[in-house]
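So the chains spell out like this:
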Amino acid sequence: MNQTRRQVMQIGAGAAALGVAASAGLMPSIAQAADAPGWNAQLFEAKSFADVAKIWGGTPTESTDVSIIGPDIAENGAVVPVGVKSNAAGTTALGIVVEKNPTSLVAQFNMTDVSIPNVATRIKMAQTSNVYAVAKVGDKLLFSKKEIKVTLGGCGG
Amino acid sequence: MAYPMRMRANIEGDAVVVRVLMTHPEETGLLKDKEGKIIPAHFIQTVTCKNNDKTVLTCDWGTAISKNPFLEFRFKGGKSGDKVTVSWIDNKGDTSTADTTVS
Amino acid sequence: MKKRFIGIAISAAATTSFYALTLGVGLTPTVAHADSYIDMLNQMGGNPAEFNVSAGEKLFKEKRGPNHKSLETCDFGLGPGVLKGAYAQLPRYFADTGKVQDVESRLVTCMETIQGFSKEQIEKDVLKDPFAKNGGNATDIVNLAAYVAHQSDGMPMEVPQNTPQEKLSFENGKKFFWYRAGPYNFSCATCHAENDKQIKISKLPNLSTPDGEKAWVAATWPAYPDSQGVVRTLEWRMNDCMRQQRIAEPKYLSQVVIDLETYMGVMAKGHKILTPSFKR
Chain A
1 MNQTRRQVMQ
11 IGAGAAALGV
21 AASAGLMPSI
31 AQAADAPGWN
41 AQLFEAKSFA
51 DVAKIWGGTP
61 TESTDVSIIG
71 PDIAENGAVV
81 PVGVKSNAAG
91 TTALGIVVEK
101 NPTSLVAQFN
111 MTDVSIPNVA
121 TRIKMAQTSN
131 VYAVAKVGDK
141 LLFSKKEIKV
151 TLGGCGG
Chain B
1 MAYPMRMRAN
11 IEGDAVVVRV
21 LMTHPEETGL
31 LKDKEGKIIP
41 AHFIQTVTCK
51 NNDKTVLTCD
61 WGTAISKNPF
71 LEFRFKGGKS
81 GDKVTVSWID
91 NKGDTSTADT
101 TVS
Chain C
1 MKKRFIGIAI
11 SAAATTSFYA
21 LTLGVGLTPT
31 VAHADSYIDM
41 LNQMGGNPAE
51 FNVSAGEKLF
61 KEKRGPNHKS
71 LETCDFGLGP
81 GVLKGAYAQL
91 PRYFADTGKV
101 QDVESRLVTC
111 METIQGFSKE
121 QIEKDVLKDP
131 FAKNGGNATD
141 IVNLAAYVAH
151 QSDGMPMEVP
161 QNTPQEKLSF
171 ENGKKFFWYR
181 AGPYNFSCAT
191 CHAENDKQIK
201 ISKLPNLSTP
211 DGEKAWVAAT
221 WPAYPDSQGV
231 VRTLEWRMND
241 CMRQQRIAEP
251 KYLSQVVIDL
261 ETYMGVMAKG
271 HKILTPSFKR
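Protein chains in written order, with the working numbering: chain A, 1 to 157; chain B, 1 to 103; chain C, 1 to 280.
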């Protein structure tokens, strides 16, 4: 299970570094001993789209093959419906990145040979931000972006 | 702690579309409680989705997935009667799993 | 009446079917209203209140109380045990109690008459603390209401106005709706009797007329407001409105709340019920 993820995202040195850092008592701030196997703490600490892309490997290119769906205005930033999709053949993973969140990578979806690269979920946004749908296609990173405004609602009714 | 999960799997065209509703506090570790103490991060980290015994999708999640997560995903090659299973592991080592039959 | 709020009319974003874009197939949105954030959440599905509907179903069918009976023979107005479409016709007049009742009040009637719970038990276990705190676990009565209401999901609101009592309930609801009180001198109408009114991003529904903007909101309860983190019913919503108005807190299941539900339900006549729905 871990093997596929590593090949796909070229985490490579990152995961090994994590192991070394752990034994040297230098754990990244959110990595914990109970972290799920294969979960890359370093990736989820990245603080910008550029940093996430660096860890994934590849220079992000905007592409109409990737699409993101979400509301123009999210009236509650804690619950924002988002759908990401890639039409590019050979998509091995999808990601959701919220540039202005404290940590930028929200989620990563690792495809298998039967996956259809089209997922949807609900995410938290700390503030108005560009939200990126990213697709890993071979050694390329393709993306599409949408600005989602986050406002504070009035009443809950 | 119990983490109920419910899901549906339907055939739509040539895809099986699975919709999963999970229970999880998805604490970011950034908020404080009434006494001013940080509420520790508690969030789902990995999700594994299978059709019968074949993995069809895995997910790596951070703290910015909304509380009581929802996931919709789709895959090819499934058929009516197949068993779809979704399992997750969180940052405390808690787990939950649920399955449904493709209708 | 002097406008108290600075209303900024933001043109509604075009409603597009969330799934239509993800699937590339044209799908009819479940809710064809111009509130695309909430629409998207509702169309996506996976409402956490679905668990409450299931919990309510389990409670409904469980043999409880001194009589060790389930609620399955409860009459919600369409005959004992008929749930489909019952919520769509609540509140309504019930001859056996001589009152116009809503779903929660009727559940209590059946808990007393069928299951044998005493008035004291009901007072202590149901009426005293019906509303969970934010992010908490819904109480039994709310889970039961969520279940019964969900059996009318997709059906048009048809709050009856047939008996003198039902008509009086509407008139009393209307009277209260326009009744100014409390330190702000607010009535419901202060916020809810004009189109194009907003508080921050909330587009305030105009509940004073069937053609009012968003008059259909009564058809979207019980709901899961993101900001509440727990399923809520109209009984809660009226209580919360009155809190915001700074007027006296209504007693749970009081007639004034039921009459307001009648009034709002009649204004939402014909609109498809969507429950449990999402709210901000």
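Hints are not guaranteed to be accurate.
Derived pair list, reagent style DSS-like, types lysine-lysine, alpha-carbon separation capped at 25 Å [as the list claims (entries may be wrong)]:
no. : chain 1 : residue 1 : chain 2 : residue 2
1   : C       : Lys133    : B       : Lys37
2   : C       : Lys214    : C       : Lys203
3   : B       : Lys34     : B       : Lys67
4   : A       : Lys100    : B       : Lys32
5   : C       : Lys203    : C       : Lys174
6   : B       : Lys34     : A       : Lys47
7   : C       : Lys69     : A       : Lys149
8   : A       : Lys146    : C       : Lys200
9   : C       : Lys133    : B       : Lys34
10  : C       : Lys84     : A       : Lys149
11  : C       : Lys203    : A       : Lys146
12  : B       : Lys32     : C       : Lys133
13  : A       : Lys140    : B       : Lys37
14  : B       : Lys34     : A       : Lys145
15  : B       : Lys32     : A       : Lys47
16  : C       : Lys200    : A       : Lys100
17  : A       : Lys149    : B       : Lys67
18  : B       : Lys67     : A       : Lys146
19  : C       : Lys84     : C       : Lys272
Partial pick of chain C residues on the chain A-facing surface, computed with a CB cut under 8 Å [claimed, not checked]:
no. : residue
20  : Met40
21  : Leu41
22  : Ile122
23  : Thr163
24  : Phe186
25  : Lys200
26  : Lys214
27  : Asp226
28  : Ser227
29  : Val230
Think of the hints as simulated: they come from the structure by calculation, not from any bench.
Keep in mind the model is a prediction, meaning the values are calculated, not measured.
Heads up, the beta-carbon is just placed ideally off N, CA and C, and yes, glycines get one too.
Each hint tested on the structure:
1. Taken as a hint, the C/Lys133 and B/Lys37 pair is honoured in the structure, with Cα atoms around 20 Å apart against an allowance of 25 Å.
2. Straight-line distance between C-alpha atoms of C/Lys214 and C/Lys203 comes to about 8 Å, which keeps the hinted pair within the 25 Å bound.
3. A threshold of 25 Å between alpha carbons decides the hint, and for B/Lys34 with B/Lys67 the separation of about 19 Å falls inside it, so the pair holds.
4. Note on A/Lys100 and B/Lys32: the hinted pairing holds, with a Cα-Cα distance of about 21 Å set against a maximum of 25 Å.
5. Restraint check for C/Lys203 and C/Lys174: satisfied, since their Cα atoms lie roughly 21 Å apart, inside the 25 Å limit.
6. Distance hint between B/Lys34 and A/Lys47 is unfulfilled; the C-alpha atoms sit about 28 Å from each other, more than 25 Å.
7. Distance check on the hinted pair: C/Lys69 and A/Lys149 sit about 52 Å apart at the alpha-carbon level, beyond 25 Å; violated.
8. For the hint linking A/Lys146 to C/Lys200, the alpha-carbon distance of about 23 Å falls within 25 Å, and the restraint holds.
9. A threshold of 25 Å between alpha carbons decides the hint, and for C/Lys133 with B/Lys34 the separation of about 14 Å falls inside it, so the pair holds.
10. Distance hint between C/Lys84 and A/Lys149 is unfulfilled; the C-alpha atoms sit about 40 Å from each other, more than 25 Å.
11. This hinted pair checks out: C/Lys203 and A/Lys146 have alpha carbons roughly 24 Å apart, not beyond 25 Å.
12. Taken as a hint, the B/Lys32 and C/Lys133 pair is honoured in the structure, with Cα atoms around 17 Å apart against an allowance of 25 Å.
13. For the hint pairing A/Lys140 with B/Lys37, the CA-to-CA distance comes to about 43 Å; that exceeds 25 Å, so the pair is violated.
14. Restraint check for B/Lys34 and A/Lys145: the C-alpha separation of about 37 Å exceeds 25 Å, so the hint is violated.
15. For a cut-off of 25 Å, the pair hint linking B/Lys32 to A/Lys47 stands: about 22 Å separates their Cα positions.
16. For the suggested pair C/Lys200 and A/Lys100, the alpha carbons sit about 22 Å apart, so the restraint of at most 25 Å is met.
17. Restraint check: the Cα-Cα separation between A/Lys149 and B/Lys67 comes to about 20 Å, which is no more than 25 Å; the hinted pair holds.
18. The hinted pair formed by B/Lys67 and A/Lys146 meets the criterion: a straight-line CA distance of about 23 Å does not exceed 25 Å.
19. Taking the CA atoms of C/Lys84 and C/Lys272, the gap is about 14 Å. The hint holds against a cut of 25 Å.
20. Checking C/Met40 against chain A by beta carbon gives a least distance of about 5 Å; that is within 8 Å, so the hint holds.
21. Hint status for C/Leu41: holds, given a least beta-carbon distance of 5 Å to chain A, under 8 Å.
22. Nearest Cβ of chain A to the Cβ of C/Ile122: about 28 Å, over the 8 Å cut. The hint is violated.
23. Interface hint status for C/Thr163: violated, as the beta-carbon distance to the closest one in chain A is roughly 29 Å, over 8 Å.
24. Violation of the interface hint for C/Phe186 is found here, the shortest Cβ-Cβ separation to chain A being roughly 13 Å, above the 8 Å cut-off.
25. Look at C/Lys200: its Cβ gets to within about 4 Å of chain A, closer than 8 Å, so that hint holds up.
26. A distance limit of 8 Å between C-beta atoms decides the matter here; for C/Lys214 the minimum to chain A is near 10 Å, and the interface restraint is violated.
27. Annotation: C/Asp226 was flagged as interfacial toward chain A, and the flag holds, the nearest CB pair being 4 Å apart, inside 8 Å.
28. A distance limit of 8 Å between C-beta atoms decides the matter here; for C/Ser227 the minimum to chain A is near 5 Å, and the interface restraint holds.
29. Nearest Cβ of chain A to the Cβ of C/Val230: about 11 Å, over the 8 Å cut. The hint is violated.
In summary, the structure is inconsistent with hints 6, 7, 10, 13, 14, 22, 23, 24, 26, 29 from the numbered list given earlier, while agreeing with the others.
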